[in-house]
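Undergrad: Keeping their order, the protein sequence lines are chains A and B. If you read the first sequence in UniProt numbering, its first letter stands for residue 1, the second for the next number, and so on. If you read the second sequence in UniProt numbering, its first letter stands for residue 1, the second for the next number, and so on.
Some hints here could point you the wrong way.
Covered by chain A, according to a simulated footprint, are these stretches of chain B (three or more residues, beta-carbon under 8 Å) [claimed, not checked]: (1) 8-19; (2) 25-34; (3) 50-58; (4) 73-86.
Hints listed in this document are in silico derivations from the structure and should not be mistaken for laboratory results. Just so you know, even glycine gets a beta-carbon here, dropped at the ideal spot from N, CA and C.
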Amino acid sequence: MTELTDLTVAEIRDGFRAGDFSAREVAEAFNANVAAAKALNAFIVETPEKALEAADAADRAKAAGEALKPLSGVPIGMKDLFCTEGVQTTAASHMLEGFTPTYESTVSRKLWDAGAGMLGKLNLDQFAMGSSNETSYFGNVISPWRRGGGDNAALAPGGSSGGSSAAISARLCPAATGTDTGGSIRQPAAFTGISGIKPTYGRCSRWGIVAFASSLDQAGPMARTVRDNAILLETMAGFDPKDSTSLDLAVPQWEANLSSDLKGKKVGIPKEYRPDGLNAEISAMWDRGIEWLKDAGAEVVDVSLPHTKYALPTYYIIAPAEASSNLARYDGVRYGQRDLPDGAGLQDMYAATRAAGFGPEVKRRIMIGTYVLSAGFYDAYYTQAQKVRALIARDFEQAFEKCDLLLTPTAPSASFALGEKQADPLAMYLNDVFTVPASLAGLPAMAVPGGLDAQGLPLGLQIIGKALDEQTVLNAGLAIEERAGFAARPDKWW
Amino acid sequence: MSIDLQTVKKIASLSRISVTDAEAEAMVPELNNILGWVEQLGEVDVTGVEPMTAVIPNKLRLRDDVVTDGNVRDRVLANAPQAEHGFFAVPKVIE
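Based on the sequences and whatever the hints tell you, model everything.
TA: Here it is in structure tokens:
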């Protein structure tokens, strides 16, 4: 019999309904995998009792013949950026260590209301700032993947949702939540051979999610299959009056409408995503992806997104600017830590608390944000970046006059070794070169695994869709999934 | 535009983050490197382009001006590093 922890969300949901196994058996199997995987450092807090509680509720409901909920019997992991009532929420920072929210984020509330159980709070880059999970106060997450040939170097699971990606690929949970500001769902999904979708900005409520850059942050699911992503996203999305940027639209039935038939669809291939010096294996992977979409019935057209090269610098003005403002709330008065030197006044307390509570990358971004918003530089940096952002969004609009979706690589390389890029922040930032443009334009975008590189590490493809057209993105993802036949998984060493 | 030690200390102070001299010194090349790189945005012609403020057209909603929750003082204060008499407590501000 297949191990319960190898099942997808859809298989767990359906198997539980069919009586193949109980929800408690599923929760216990995942709890055991979580407990045995400390070496990955994927969880900051484990909540096996929460997983069992939801499982027992599902089993009781089933025994009593009551109507089951969409995710009854399914345990998941929760990125530690979502506030969870009564369970420590830290955003992987020392600043929020010990913070126990008295409220539940809208997205996590929707998941629990749909019957899901929580296996624990997943590690991430501190305040979601990072692309490798090396900025967490609680230590690096280690990818379950390793290069072939006996190379035991610890690899990056991607970031910021690296605890989520590592836990899913290592079978510690069948699915997890992620958040994506510049690629934080898609890049870690690509690094670990799983799928993840960032929906259109405004689809998922940001209420109760620790804020990084408010005009970019968007929650989304991560899982091993496209179908599982559709299932989770249906639960997570929806209007929330508590978030003023939440879109007041009905949630489509993405799972029921899944179809890998792309007949009549035009796939745009943006030429600017194939710069000189693009990794040859990434380039070849992309070419295979193009063939797969053609095989699914789509027509391929060349498109141009002329402002692509300006997306990253735009992002590294706008995101830190918003972060410097959002993180002003951590001052030693309302949450978590306070550092009060002897005889210090209020201003000294703020400065000491923030110096002790934030890690180096967070400080760096707050300071860049403060600088670009400061008097004399605001227009040169911030206003200019907002204008370039408008041009980047316009590029996408013009491209979508010629096509229905875009296919690109997800990241410029496979996963790299921890420590390899840490010395140079700029080199690390370049990891998000393919994911950031869609974030700036607020578009739905998904990563799906396409294959392995020569070292045996996963490579991902990215599908970018029109605003609110998650269905086409998921459908193209399914078409690739069916053709790639990606079945590789990390060998267990932990 | 090049950032010097003085500027880094000023940004740190505006950011309410205390830094030692050694930390500030280490940040000079880092911040210069990043800001030097983002300055390439200056070469983009943005004539006639409005700065983007919302990625998805979405009208800001207003809700009725009524109390929708409240009476949760203890929950609001539950995570305060220091709370006294039902308030957030801070060091003395006025002598």
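Undergrad: Each hint needs a verdict: does it hold in this structure or not?
TA: Structure-based check of each hint:
Closer than 8 Å: that is the beta-carbon criterion, and the segment 8-19 of chain B has 10 residues meeting it against chain A, so the requirement of 3 holds. Counting residues of the segment 25-34 of chain B whose C-beta sits closer than 8 Å to any C-beta of chain A gives 5, which meets the bar of three, so the coverage hint holds. Counting residues of the segment 50-58 of chain B whose beta carbon lies closer than 8 Å to any beta carbon of chain A gives 8, which meets the minimum of three for the stated coverage. Figure legend: the segment 73-86 of chain B, annotated as covered by chain A; annotation consistent (7 residues with Cβ-Cβ distances under 8 Å, at least 3 required).
Checked against the numbered hints listed earlier, the structure breaks none of them; every hint is satisfied.
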